[in-house]
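A.B. asks: Each chain, letter by letter, is given below.
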Amino acid sequence: MADSICERVRSGSFEVVGRLDPPRNGNLSQLVALAASWKGKIGSVLVTDNASARLGGSALLTAERLGREGIEPILTVSCRDGNRIALGSTVLGAVAASLRTLLCVSGDHPAFGDHQDAKPVYDMDSVQLIAMVRNMEQGRDASGNELEPLPRFCLAAAACASADPLAPQLSKARKKVRAGVDIFVTLPVFRVDQLEPFLNGLGEISVKVIAGVLLPRYEEVVSYKDGSIPGTFIPHDLVEQWRAMDPGAFSSASADHVKRLVADLRSWGKVAGVCISAPGREDEILGIL
Amino acid sequence: MIVAQRKPFAEIRDMLGGRSRVLVAGCGTCVAVCLAGGEKEATLLASQLMLAADLQKRDFLATAATVERQCDREFLQLLRDRVAQADAVVSLACGAGIQFLAEMYPDVPVFPGVDTSFIGVAEDAGLWTERCRSCNQCWLGMTGGICPVTMCAKGLLNGPCSGTVHGKCEVDPERECAWAAIYERLERQSRLDMVDAPAPLMKHNRSTRPSRVIHPAYKKRFSIG
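Those protein sequences? They're chains A and B, same order as listed. In my numbering, each residue carries its 1-based index in the first sequence increased by 151. In my numbering, each residue carries its 1-based index in the second sequence increased by 584.
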């Protein structure tokens, strides 16, 4: 495999990540075909781990399959669904599957998903997960037991650039940096200036920031209010504009918006790439580029 | 204190099945304060059960008796004669009291009349809110007196998740984000260095269920070996 996403962003190239959710039907052929059609345009595929607390296919298995197809996956590891033993085991599985990039997240609360009565685990949080992976690389598991040192991962973490208040979010982001994260992937932003306070607040750090962007579904916009999509804040004037449109007009307007946003972020020079999410509209991602 | 909520009447009635001599046992401490299982509530439930049985013209007797605490043997002892006359007991104590009563009188079925909710505080008249998960490893010293284990919906120890909405919790917009509150409190006390320190993993073996606490003075008496 060529350089990992960490090496590419460090060398200054603009990384384009596309998000894919492992399907609920146990059949990966469509997902693999879509990811294959992105080759050359999209550097890596973010494989989600039961995104939005909704049951999905196995992230580890899906990422492994993409890797075998010559597509670079980023494996999401969420603290919501497993304790430190399960998460450590996933990390070992990632090594066995030759996966080199992990996105370590706490995970949306089950209250948002399709299993609202499920037990939220959160035995560790994202900072502790990052620290655990770095310790495993040094030959210690979460409980300090010895294991064979693991190869170094490229570790990504989430950050909400539009958080209000921002200071506690920045404080946690700094902890992630100290724990050893390489890249931040922000939750979706809709305008370049949404990133500014976060980037300024982080100051001079070696960690690269990839901006999240979202191609929302019409229903999400119609029912949108702050908080309806965890960590994602759509500027209210944009919501109003989109809501006034019929679904067809919204579809092209939102795609145009994201297309312009990706171009703006690319020329802005302050972020190392974009991570495009388009749940339910994944086949439109290529058009945005 | 421990906060509980009275179970719906139909649920209690159905649990009792055809039993006809019922003792409703109230508890005079926490559940009395939160108006779920004290003397008044025990008397009320006994009357409700009598009325429901009357409507069905059943031979039925429900009486109420309330003790100071059901989590203490010396008080449960006082119920001995009353339990002996009953073919079922409905306990309105918290889960601990219900179990202790059932343990003391193992020949009689004991049914819960409340759902035990949490360890909390009386926020206002008629409003109780949770404050403690009894994790057996108190973090309050480094979090400005606000418990992240309890007050954060995810129990995160190192800061807020990305879902904070204008200072409120992503799970419940009525609730403050625990980490926004912790940050604000520590900033006010010029102790922000506390949040910079990464919190270690929870030691769940310290809260292995069921837990046991032995007062240092009683160590010899209760320690094994």
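Quick caveat, the hints were computed from the structure, so don't treat them as lab data. One or more of the hints may lead you astray.
Selected chain A positions facing chain B (Cβ under 8 Å, derived; list incomplete) [claimed, not checked]:
| # | residue |
| --- | --- |
| 1 | S164 |
| 2 | P319 |
| 3 | K323 |
With the C-beta cut set under 10 Å, the calculated list includes, among others, these residues of chain B facing chain A [claimed, not checked]:
| # | residue |
| --- | --- |
| 4 | S604 |
| 5 | R605 |
| 6 | G612 |
| 7 | L645 |
| 8 | T748 |
| 9 | C753 |
| 10 | E754 |
| 11 | D756 |
| 12 | P757 |
Listed below are the simulated PhoX-like cross-link pairs for lysine-lysine, each with C-alpha atoms no more than 20 Å apart in a straight line [as the list claims (entries may be wrong)]:
| # | chain 1 | residue 1 | chain 2 | residue 2 |
| --- | --- | --- | --- | --- |
| 13 | A | K359 | A | K421 |
| 14 | A | K376 | B | K787 |
| 15 | A | K376 | A | K190 |
| 16 | A | K192 | A | K376 |
| 17 | A | K410 | A | K421 |
| 18 | A | K270 | B | K803 |
For every residue, glycine included, the Cβ atom is placed at its ideal position computed from N, Cα and C.
A.B. asks: Quick check on K323 (chain A) please, does its C-beta sit within 8 Å of some C-beta on chain B?
C.D. replies: Interface hint status for K323 (chain A): holds (3 Å vs cutoff 8 Å).
A.B. asks: Should the interface hint for G612 (chain B) be scored as holding, given a Cβ-Cβ cut-off of 10 Å against chain A?
C.D. replies: At 34 Å from the nearest chain A Cβ, G612 (chain B) fails the 10 Å test, so the hint is violated.
A.B. asks: How about E754 (chain B): closest beta carbon in chain A under 10 Å, or not?
C.D. replies: holds (5 Å)
A.B. asks: Check whether the Cα positions of K359 (chain A) and K421 (chain A) lie no farther apart than 20 Å.
C.D. replies: Given pair K359 (chain A), K421 (chain A) holds - Cα atoms ~9 Å apart, limit 20 Å.
A.B. asks: Classify the hint on P757 (chain B) as holds or violated, based on whether any CB of chain A lies nearer than 10 Å to its CB.
C.D. replies: With a closest approach of 6 Å, the P757 (chain B) hint holds.
A.B. asks: Against chain A, with CB atoms and a cut of 10 Å, does the hint on S604 (chain B) hold up?
C.D. replies: Because about 36 Å separates S604 (chain B) from the closest Cβ in chain A, which is outside the 10 Å limit, the hint is violated.
A.B. asks: With a cut-off of 20 Å on the C-alpha distance, tell me whether K270 (chain A) and K803 (chain B) pass.
C.D. replies: This hinted pair is violated, its Cα atoms lying about 36 Å apart.
A.B. asks: Classify the hint on D756 (chain B) as holds or violated, based on whether any CB of chain A lies nearer than 10 Å to its CB.
C.D. replies: Interface hint status for D756 (chain B): holds (8 Å vs cutoff 10 Å).
A.B. asks: Does the interface hint hold: is C753 (chain B) within less than 10 Å of chain A, judged Cβ to Cβ?
C.D. replies: holds (9 Å)
A.B. asks: Can we keep the P319 (chain A) interface hint, with Cβ of chain B closer than 8 Å?
C.D. replies: holds (4 Å)
A.B. asks: With a cut-off of 20 Å on the C-alpha distance, tell me whether K376 (chain A) and K190 (chain A) pass.
C.D. replies: Judged against 20 Å, a Cα distance of about 35 Å means the pair is violated.
A.B. asks: Do the alpha carbons of K410 (chain A) and K421 (chain A) lie within 20 Å of each other, as the hint requires?
C.D. replies: holds (18 Å)
Hints 1, 4, 5, 6, 7, 14, 15, 16 and 18 from the list above are not met by this structure, while the remaining hints are.
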